[in-house]
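Using my numbering, you'd call the opening residue of the sequence shown number 28 and step up by one each time.
Bear in mind the hints are in silico, worked out from the structure with no lab data behind them.
The reader is advised that the hints may include incorrect statements.
Unchecked claim - Listed below are the simulated DSBU-like cross-link pairs for lysine-lysine, each with C-alpha atoms no more than 30 Å apart in a straight line:
| hint | residue 1 | residue 2 |
| --- | --- | --- |
| 1 | K90 | K74 |
| 2 | K66 | K47 |
| 3 | K90 | K47 |
| 4 | K74 | K39 |
To be verified - Pair ranges (Cβ atoms, derived):
| hint | residue 1 | residue 2 | range |
| --- | --- | --- | --- |
| 5 | G38 | D101 | 29 to 39 Å |
| 6 | K74 | D101 | 11 to 21 Å |
| 7 | L76 | S102 | 29 to 39 Å |
| 8 | A98 | C57 | 25 to 35 Å |
The C-beta atom is built at its ideal place from N, Cα and C for all residues, glycine as well.
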Amino acid sequence: MNSIKEMVRDGKKVVFLWYKEGDLWYRTECGFEFPVPVKTEDTGTAKFLPEDKAMLFMRYIRKHMAFLENAKADS
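Between the sequences and the hints, there should be enough to build the whole structure, so can you do that?
Laid out in structure tokens, this is it:
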């Protein structure tokens, strides 16, 4: 798995994949898929585009990477 810095630097993008059970799923250019919750308290008045700067999604990428690491450690 690439580091967060590698996923978001140099103007890299994320693309929208699908919506499922309250989450928008995006993919980084390196193939890392992560959810973005669409609850108002998490996203505020954000506008989600089909393609956007990966840097803007760093918070969600970091959160999902931590989730995956914890799941891996628990198994």
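Given the range 29 to 39 Å, decide if the beta-carbon distance of G38 to D101 lies inside it. holds, 36 Å
Within 25 to 35 Å or not, the Cβ separation of A98 and C57? This hint is violated: roughly 20 Å between Cβ atoms.
Assess, step by step, whether the Cα of K90 is no farther than 30 Å from the Cα of K74, and give holds or violated. Cα-Cα ~20 Å, so holds.
Are the Cα positions of K66 and K47 separated by 30 Å at most? holds, 13 Å
Do the alpha carbons of K90 and K47 lie within 30 Å of each other, as the hint requires? Distance of about 18 Å is within 30 Å: holds.
Hinted pair, alpha-carbon criterion (30 Å max): K74, K39. Please report holds or violated. Holds. K74 to K39 sits at ~18 Å (cutoff 30 Å).
Could one say that the CB atoms of L76 and S102 fall in the range 29 to 39 Å? Because 35 Å falls inside the window, the suggested range holds.
Can the suggested window of 11 to 21 Å be confirmed for the beta-carbon pair K74 and D101? For D101 against K74, whose Cβ atoms are near 35 Å apart, the range 11 to 21 Å is violated.
The earlier numbered hints that this structure contradicts are 6 and 8.
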